[in-house]
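Listed in order, the protein sequences are those of chains F and H.
Residue 202 in the numbering used here sits at position 202 of the first sequence, and the numbers go up by one each step.
In short: position in the second sequence from 1, add 1000, done, that's the numbering used here.
Source of the hints: derived by calculation from the structure; they are not laboratory data.
Please note: incorrect hints may appear among the correct ones.
Stated by the list, open to error - So the derived label-pair ranges between C-beta atoms look like this:
id, chain 1, residue 1, chain 2, residue 2, range
1, H, His1111, F, Gln241, 34 to 40 Å
2, F, Glu243, H, Gly1188, 26 to 32 Å
3, H, Val1028, F, Lys197, 51 to 57 Å
4, H, Lys1035, F, Val194, 27 to 33 Å
5, H, Pro1384, F, Asp257, 55 to 61 Å
6, H, Asp1015, F, Glu249, 48 to 54 Å
7, H, Phe1380, F, Gly242, 18 to 24 Å
8, H, Asp1192, F, Lys256, 33 to 39 Å
9, H, Val1011, F, Lys55, 38 to 44 Å
10, F, Pro202, H, Gly1188, 49 to 55 Å
11, H, Pro1384, F, Lys55, 56 to 62 Å
12, H, Asp1276, F, Val194, 40 to 46 Å
Glycine is no exception: its CB is placed at the ideal position from the N, C-alpha and C atoms.
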Amino acid sequence: MNVIVCLKQVPGTAQVKIDPETNTLIREGIENVINPFDTYALEEGVRLKERFGGKVTAMSMGPPQAEGALREAVSLGADEAILLSDKAFAGADTWATAYTLASAVNKLGQYDIIICGRQTLDGDTGQVGPELSEMLEVPFVAYVSRIEEIADGQMRVQRMVEEGHEVIEAPLPTVITVVKEINVPRLPSLRGIVKSKSAVIPVWTVPDLGVDQSRVGLAGSFTKVIKVFFPQRVCQGEIFQGELGNQVECLMGKLKDAGLV
Amino acid sequence: MGIQIDLDKCVGCGDCVPVCPFGLLEIVDDKVQLKEGCTLCGACQEACGYEAILIEAVSEVEAVSDSHQGIWVFAEQRNGKLKGVAYELLAKGRELANTLQTDLSAVCFGHGIDEVNRLIAHGADKVYMVDSPDLAINQEDLYAQQLIELIRQHKPEIVLAGATSLGRAFIPRVAAILKTGLTADCTGLDIDTENRLLRQTRPTFGGNIMATIICQTKRPQMSTVRPRVFKKNEPDEKRKGQIIKVDFNRESITSKTKLLNFVEDLTETVKIEEADIIVSGGRGLGKAENFQLLRELASVMGAAVGASRAVVDEGWIPYSHQVGQTGKTVCPKLYIACGISGAVQHLAGMQTSDIIVAINDNPNAPIFEVATFGIVGDLFKVVPMLTEKLKNQ
Ligand SMILES: Cc1cc2nc3c(=O)[nH]c(=O)nc-3n(C[C@H](O)[C@H](O)[C@H](O)COP(=O)(O)OP(=O)(O)OC[C@H]3O[C@@H](n4cnc5c(N)ncnc54)[C@H](O)[C@@H]3O)c2cc1C
Ligand SMILES: Nc1ncnc2c1ncn2[C@@H]1O[C@H](COP(=O)(O)O)[C@@H](O)[C@H]1O
């Protein structure tokens, strides 16, 4: 079972705060982490390897410092890691990202499953996984919450939709995205940490992938960000005052006025 | 196209550094330096008082818009029933179509859908209906191929779909094949009339930042749109429109994946995505059993019960109740948040609700920043009082 896990390094957004004075993101002290959703993808890849043998390759496109995320992936059980990094890759939208990842997958050769996270914290689109599957012309299943069985070149999975669970069968190779319900990621092992320190992580650039410059990065992106702004939370909200009973009475009055009770 | 920094003009004031949403600027030796990853958003150019930052205007639009005409809405259904988001998109689509003076079409795949006429009453000029037993259940592979075929044939300039689990899974595949841009999870759509471009606004960084995105050189321009962000129009039963039946070609359209089974989640009587009133609980409830307080309030109000991620993670209530960035987006008439701090990821899922009531004992909790009405107090006192008063009316 050869598994490729696509993971991205992102700022640990959970701690992002807005500076109320300048209305900008406070970035100090924010470390980069493996996109939280991708840790489930990695864990599932490692579990598949433990169940069926084979190897797990972690792959990331990003600036040179994304190597840190890949080293962490090795400490968490990835056998190999590859960084796709080139100035030309910068500013990629999901199409250009998926195209670059697909080119690297093709260079890597044979694989059975590609696992992506459900979405990233920063881009937050969930589009890279499905786009990647189309570029590789392999089946795709989103929101996988359990891999039930893999046998005879088929895989049976459970996936989550709004109304409940679906059981889906797909032939390998397949691209899946996983949700956090699928597993509880392990902590790095001592052996893993030692291994990650000395792991050689190749960096693949535009010439290595043999891709067309105009198809990657900002140049290859069909969507363009033309404006970025901070959501304005104008609140003319009313905080009731006085004794609690009266406050509840006030609230009742307002809800009645609005025709809600 | 690109960003240029004129180091002769740069005085190293640093005004541009904090405005970069991606933190790519720094001052080194009294001059600004740019790291990789610039999306040419222009925030720094605006902030620079010395005209030291120049972003070349995006290249001229290729002549793409003439060959593509009309706005399409993917009208999602489940079990033969159209989803609310289909009507919401028609309302927005109608507005955009009027601005562009073009047609609005709905595209619907399924089997035996009896409300197809409603799509016209809600704003569609045309409905492309592909009816086949093969399409009765949501088959993403078939949907993707069928939609690609129709788009290639009729060449719409804009395609909108709900950012539901179905839409978010299969629309990217359509965009990948058509080699066009797709903007996920939009919460705002409008038209740049000068260039006939769709401006798509969406939250990123978990709702910390809003980004406006265009797709200039490719058609169609595609977006998935969050449910419950736009309001549906009142139906106009007299509206005229055309229903175009399209044959489903079983020979050419096949599925690689197979749906074997579906198990419905039957936890709640009122579903949060459809509820007019939601009573939602967070970690302030203290323990799972205390959700009972909210269920009582909800039952006298005919409301659904929602939750923050923190309590879903604790296992106090199933995931289907989670509101927020990684849960559901809701937009009820009334959202009552009890013991929820109002983290940005939670706000991302409920801040467009008509009326928000916050009940929290911490006056500095960010939930009060979005609340229409707030009670600073212990929910264990406030909620039972409210329930009691409602019962007695
Ligand atoms: C990638 C990512 C995605 C996320 N997605 C979501 C999401 O979809 N939805 C979501 O909700 N969160 C999400 N989160 C988590 C989010 O950041 C918060 O951790 C979470 O919303 C906090 O939940 P809470 O408000 O219930 O808990 P807390 O933040 O612990 O707040 C509890 C509140 O209850 C108040 N309280 C305590 N006791 C009482 C009392 N007796 N009476 C009244 N008030 C009381 C406290 O003052 C406090 O304000 C996400 C985080 C990340 C990193
Ligand atoms: N730059 C990247 N490198 C590797 N994998 C990525 C990258 N961007 C996105 N992915 C994968 O695609 C998933 C969805 O990302 P997104 O579409 O950005 O929300 C992530 O969870 C990752 O598994």
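Hints the structure violates: just list their numbers, smallest first. Hints 1, 2, 3, 5, 8, 9, 10 and 12 not satisfied by this model.
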